[in-house]
Amino acid sequence: MGEFRMPSLGADMETGTLVEWLVAPGTLVRRGDIIATVETQKGLFEIEIFEEGILGEPLIQAGQEVPVGTVLALIHAANGSAVKKDAVSDQPKSAPERFICSPSARRLAREMGVDLATIHGTGPKGAIQRIDIEHAAQTRIPPAVESAKHARTEPASHETLRQGMRQAIAAAMSRSNSEIPHYYLEMEIDMSRSLQWLEVENQKRTIRERLLPAVLLLKAVAKALRDIPEFNGYWLDNQLQIKTEIHIGFAVALRQGGLITPAIHAVDSLSLTALMKAMSDLIERTRSGRLRSSEMTDATVTVTNLGDQGVRTVFGVIYPPQVALIAFGRITERPWAEGGMLGIRRCVTATLAADHRATDGHRGSQFLEVLNKHLQQPESL
Amino acid sequence: MTTPIDKNHATKLLRQMLLIRRFEEKSAELYSATKIRGFLHLYIGEEAVAVGVMAALTPEDAVVATYREHGQALARGMSADSIMAEMYGKLEGCCKGRGGSMHIFDSSTHFYGGNAIVGGGLPVAVGLALADSMLGRNRVTCCFFGDGAVAEGAFHESMNMAALWKLPVLFLCENNLYAMGTAIRYTQAQPDIAAKAVGYRMKSAAVDGMDVMAVEAAASKAADHIRQGNGPYLLECRTYRFRPHSMFDTELYRSKEEVEQWKAHDPIEKLTRRLSDAGLLNDQDRAALEQDVAREVESAVAFAEAGTWEPVENLTSFVYSERREL
Amino acid sequence: MSGAQSARKTSYREAVKEAIREALQKDERVFLMGEDVGHYGGCYAVSKGLLAEFGPERIRDTPLSEGGFVGAGIGAALGGLRPIVEVMTVNFSLLALDQILNNAATLLHMSGGQFNVPLVIRMATGAGKQLAAQHAHSLEGWYAHIPGIRVLSPATLEDARGMLWTALQDPDPVLIFENNTLYNMEGNLSETAGPVDIDTARIRRSGSDITLITYSASLYKCLDAATALAGEGIEVEVIDLRSLRPLDDATYLESISRTNRALIVDEGWRSGGISAEISARIMEQGFYDLDTPVERICTAEVPIPYARHMEEAALPRIDTIIDTVKRMVRHG
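Protein chains in written order, with full-length UniProt numbering: chain L, 1 to 381; chain E, 1 to 326; chain F, 1 to 332.
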């Protein structure tokens, strides 16, 4: 027997409100199935399940707000023999909930008043360690907001949600600003070749399949991260942890205000077509509040593209524990001198914001140079 | 016997042997009544050895004993009270109840225990003698051990070192013919223990261990040899224990006839007869001695009974000096 | 006190010898006894030259009788002397284990406090010289099991020089384990180097990320690992236990309260070893300071093999220490 719990969708999420059960009790569910929607201060999420079995009767009803980790429903084994086997392990279910947590972190959590149920452990086997408690304490929503949240019994209004999200962004960005020694490098990149190639390519495609320039930028970033991996990872416990998977958090502005940066998984492995599809889908679901939990937590780097806002240069703030943010401004025609000749080229300003604890400017400029190189070879993207 | 018997001295020897005998008989009784626990190894039958040897030592000499050492301790002059209380496990015991029957120690009489590892005391005796030698103290360290210890490497190592460095050790073998329950003929290629000294170029002798005066004479001769700076000496006292090895022993390894044969050589009766024959002891004298000894044993039991238990809080004392606890 | 104390270059071997010489000079009751300590000059040349200086009474060659001469050391201590008994290697000391455990460690207790044994036993320990399975084990952890004795493990020149005199002042038996790979270690020793305490552990390097608890020759492996790790931004605190009995719990627990991580590096075997004891004490007294499980790097559970590469593989290694520390500090 398994348990379907209120997931943690981010270090700053303490509670979630169950909005809707999408699957009826008694239904066979499989790993990856979406079985409920949950509302958080970041919006509405579709919640996936990670095991197979028969969904039991709901333990939490729609509209209830519960802490992360709360069991929402039990998942029963799909066949009789498994049920029997599990009958034994069923015993301790009534025991108080235990989290894998280091003794020191447990004490620290008690001292700082942090509820372990709200913590996403980053240690071995997902164990909660001191650093997780410290992060949680830093990004914790101020008590005023918290008490306002606890006071309500109805699902949160959009206004409250937005307020919560604003708080979360504020906390994360404040922490970033106070903890991360940012450095910035920018490079003017000639986009002429890429855009010419894109125009030719798009003529071969149906309107639905056409590619946006942002896809080229994302893919080029992914390939550049492949070449210079130090910008793809986390700074944890005074240590750069380079990630092998390249999950790009892609900043999506919400119509009602605010910003979410859900991850597009394994961007480097996607074709441009697949990437365009993923991006469109993600933007659509972000704006409709139907993100999956893994999309909220997995980003290893962030790309922000404020080109459609008319901004030329963007100095981004890194989303901790990530170590870099790559920002693109608007693609504009600019005078361009090359080989003693002055011409007009379509250009974009790429800005790298990077964590100086993890990398330095030399490596950063190499990264931008590689990014530029990839954008000059659009056919290879 | 060419030398005349010193009545007072002989009576004193007899009394000491009687004290050991009655003390141990009482101990056996108390063991059955569970007043004394652990192992209890009785010396009954062998009294002449301890009493004869101690008579040859000075108060300054050192004694290293075995686990069958009530007799050695009493003969050395320790009080029956403190030994009995030790066997009771009482705070008033000589070792505050830490040692029991097998580990009787007394610094005031230089009685270095009470060693229940067969052969374990021999190297220690060598060291005590080494200290005396290096510090220029003229004293003898008398090391008691049984025939069983002769089979241990420690015997060879100690005999060799003591002879090599000419140390003042009296190696005193109480050969009672059995290493626990195994007869010496099954354990020794050369059952003549005194003869083993030759291999160490050490002086040695064997003596009838059932004859207290013979033991005293032989031990005195050995001690003189040592005191004169001639190095160690091995004295084998051929003796016999009348009781089982310990209280829990059915004596499958020897016959009742053999025991009865040896009892005919009872050292106490032997000395009593000799003194009677010489007109130095009559039945009233013997009865008076018995009464005197009985009173001493009774008093020891009363002392032990009245003793107190050490507080458990003191459990870890005497692990390190000055009660330093780790 | 002179502020500028001069230092001179010396070796661990010389430091031990100086300590013995000083003890012989300062106290008439002190003498050295053991196999080949006199005419041969000591198996590891520690006592070379002392016979000529102090004569055969006080630099006493013994027969190959470990139980015999260790027992004689006990007797001599009971008799008023202050013997230093040298046992050639820890493996040979097993022949004297009866005397050490059944007599030296127990006489005070069995006698109800009447007879203490002020004896010092020195012996070589440890692997690293291809001496195979009967000359190279590290059994000091075993000895640390025994109440009634002290177990010391000098790793530095200062301790090699200074522990002996303090041990000789102790009323009870003290065992000093000298790792054979340290004898040739050279370094500077103050001209005024003298007695040191034998109760406490020392922090040999300060760090904030993890506590390495070690002793004897493994100290240097830990310090080398710490230097390498510092280059990667990991700050390692290294604790030299110095005494395995008593263990200075306070020092390593205080360190762990700051670093929240502990790795024990011990040349002894893992099962039932001193590392297990230390780990248990951390659980008992420092559990709520831990952010990761306590880990141990010990000698592989094999008799020490002869072949060089196999011997190296059996012992704690710097690269293993580095890898383990990284894993512990970087959340697996």
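I should point out that these hints are in silico values taken from the structure, not numbers from a laboratory.
All C-beta atoms in this analysis are idealised placements derived from N, C-alpha and C, irrespective of residue type, glycine included.
There's no promise every hint is true.
Have a look at the derived ranges for each label pair, beta carbon to beta carbon [as the list claims (entries may be wrong)]: (1) 56(F) - 79(E): 38 to 46 Å; (2) 263(E) - 63(F): 26 to 34 Å; (3) 301(F) - 199(E): 58 to 66 Å; (4) 63(F) - 8(E): 39 to 47 Å; (5) 63(F) - 302(E): 48 to 56 Å.
If you check each hint against the structure, which ones fail? 2 and 3
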